[in-house]
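*Asks:* If you read the protein sequences in the order shown, they are chains A and B.
Just add 1403 to wherever you are in the first sequence, counting from 1, and you've got my numbering.
Just add 253 to wherever you are in the second sequence, counting from 1, and you've got my numbering.
Keep in mind the hints are simulated off the structure, nothing from the lab.
Nothing here was measured: the structure is a model prediction, and the numbers come from that model.
Positions of the beta carbon are idealized from the N, C-alpha and C atoms, including for glycine.
There's no promise every hint is true.
[Said to hold, decoys possible] Below, a list of computed lysine-lysine pairs in the DSSO-like style, where the Cα atoms sit at most 27 Å apart:
no.	chain 1	residue 1	chain 2	residue 2
1	A	Lys1489	B	Lys383
2	B	Lys294	B	Lys391
3	B	Lys391	B	Lys288
4	B	Lys323	B	Lys397
5	B	Lys383	B	Lys288
6	A	Lys1432	B	Lys323
[Claimed, not checked] Ranges between beta-carbon positions, derived for each pair:
no.	chain 1	residue 1	chain 2	residue 2	range
7	A	Pro1488	B	Gln292	49 to 55 Å
8	B	Tyr266	A	Pro1488	18 to 24 Å
9	A	Ala1497	B	Ile259	35 to 41 Å
10	A	Asp1491	B	Glu314	19 to 25 Å
11	A	Asp1491	B	Gln292	26 to 32 Å
12	A	Arg1471	B	Ala340	42 to 48 Å
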Amino acid sequence: MTSALDITQAVNPPRAVFVNFPLGHQTGKPHQPDLQRQIVRDALRAFETISEPGTIVELPYVWDAHDRQWEATDYTGEFLPPRPPKEDADQAEAMRRARFADANVK
Amino acid sequence: MPVEYIPRTRELYSSYAPYRWVVNTDTPPWTPLRKPIAQSKLAVMTSGGILYRDQPRFHREDASYRLIPKNATPDDLSVWHFGYRTADAEADHNCVFPLARLRELEAEGAIGELADPAYSFMGGVYSARKVREELAPKIADDLKRAHADAFFLVPA
Chain A
1404 MTSALDITQA VNPPRAVFVN FPLGHQTGKP HQPDLQRQIV RDALRAFETI
1454 SEPGTIVELP YVWDAHDRQW EATDYTGEFL PPRPPKEDAD QAEAMRRARF
1504 ADANVK
Chain B
254 MPVEYIPRTR ELYSSYAPYR WVVNTDTPPW TPLRKPIAQS KLAVMTSGGI
304 LYRDQPRFHR EDASYRLIPK NATPDDLSVW HFGYRTADAE ADHNCVFPLA
354 RLRELEAEGA IGELADPAYS FMGGVYSARK VREELAPKIA DDLKRAHADA
404 FFLVPA
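Isolated chain B (complex conformation) (with noise of 0.2 Å):
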């Protein structure tokens, strides 16, 4: 049985107010893939809390996002977020960004193009409203204007 998140965070952070969490039930949104992943520029985001080199870290409640250079290095890269056990991701970086990968499958021929830069923030943003109505736009534009035409999204 999968691990019933929103329950067990209420539990988790029982000395909080009760988190609001996002419940759409309409039907999403809906935009069709123009054209195969392997013809496409595809964008790759992060909720991990990524860094590239000296990068400020992020704090609470922020809502900010960084911009990590597609040929990053592991030594390059490190971790900053408190929401989850960072260790395995400090490691590796490829557990909740996997850059190296999507790198490789782009040299293969399975992705056309992967967008440069890659994008990064750190998920324990609490506010809903933050999120929707600050950082998502912003990234928006940015898609928009890099040309993306799939926009992949790894959460920490």
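One chain only, chain A, in its complex shape (with noise of 0.2 Å):
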């Protein structure tokens, strides 16, 4: 599964299936099951199509039907998210596994 078509052309894996969505949706969009399941069975019928080492399938799916300038801005400028001060990522992380520990032991 590839949504990164420039990358998975030069790391030339054996078998690739892309969807032109922006990274981090190469399964579909959140709470949409049916497109997710199109999107894998797709993905899954391409182990029995593909024949020729290095073949990117490349799906029919549009990302946004009223925006097709998406691709223009993704991935520039502001796209990474700010990363929090480390204290404030050490309480989040604590706090997540505390959560669960809790719950481990109930």
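Once you've looked at the hints, go ahead and assemble the two chains, each given alone in its own frame, into the complex.
*Replies:* Structure, rendered in structure tokens:
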């Protein structure tokens, strides 16, 4: 599965399936199980249909029919989320683990 | 036009030394699929930084991976990754780790068997050498031990 066509072309894996969605959505949009299932189905079908090493199957799904320009600005400028201070990140991590540690005891 | 991630990454990370992308020009190694997916044991791995319950989070240059029980529920899972916008994956991990969809396809017979556990790592590992020499061989051993027929990789 890939959403980064140029990187995958460079890596040249044995088999790949490309979906032209922003990073973080390689198997679809959130809470759209039908779309997710269809993409996964298409990807699994490629295991059986690709016979030439290095083939990249391109899927036809469109990220946003009303916005054909998202590629022009995606992954530029302020794309990367600001990194929280280390203390905040450590505290969030401790809280996450404690939540599940409590659940494990129950 | 698909986004050209190689030049955009160069701009986005311009304060770092230029990243050396993996470029493979030889014909890729090829393992034929021995039987249809409906009869195969399929293993899945995401690079989206998915964590199960109280598993420790990833860190930079972390070439380790986590084992995710195939029956994990949304409440069991969280996301730790610095290299993509994770809000949608946090709202629904199936965007980058389609475990629920794969279980459904297994239940309807489209997949012979979904391997347990699934695998997760955090794809922001800058060292391709670490991935090639540390992560990949360990995963390959796991897959052989699990007798997986096919391996479905979902990056993020």
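*Asks:* Does each hint fit the structure? Answer for all of them.
*Replies:* Hints and how they fare:
1. Lys1489/A x Lys383/B: Given pair lysine 1489/A, lysine 383/B holds - Cα atoms ~25 Å apart, limit 27 Å.
2. Lys294/B x Lys391/B: Judged against 27 Å, a Cα distance of about 19 Å means the pair holds.
3. Lys391/B x Lys288/B: Between lysine 391/B and lysine 288/B the Cα gap is close to 25 Å, so the pair holds against 27 Å.
4. Lys323/B x Lys397/B: Between lysine 323/B and lysine 397/B the Cα gap is close to 18 Å, so the pair holds against 27 Å.
5. Lys383/B x Lys288/B: violated, 32 Å
6. Lys1432/A x Lys323/B: holds, 21 Å
7. Pro1488/A x Gln292/B: 49 to 55 Å: holds, 51 Å
8. Tyr266/B x Pro1488/A: 18 to 24 Å: holds, 21 Å
9. Ala1497/A x Ile259/B: 35 to 41 Å: With Cβ atoms ~37 Å apart, the hint holds.
10. Asp1491/A x Glu314/B: 19 to 25 Å: holds, 21 Å
11. Asp1491/A x Gln292/B: 26 to 32 Å: Since the Cβ atoms of aspartate 1491/A and glutamine 292/B sit about 49 Å apart, the hinted range of 26 to 32 Å is violated.
12. Arg1471/A x Ala340/B: 42 to 48 Å: With Cβ atoms ~23 Å apart, the hint is violated.
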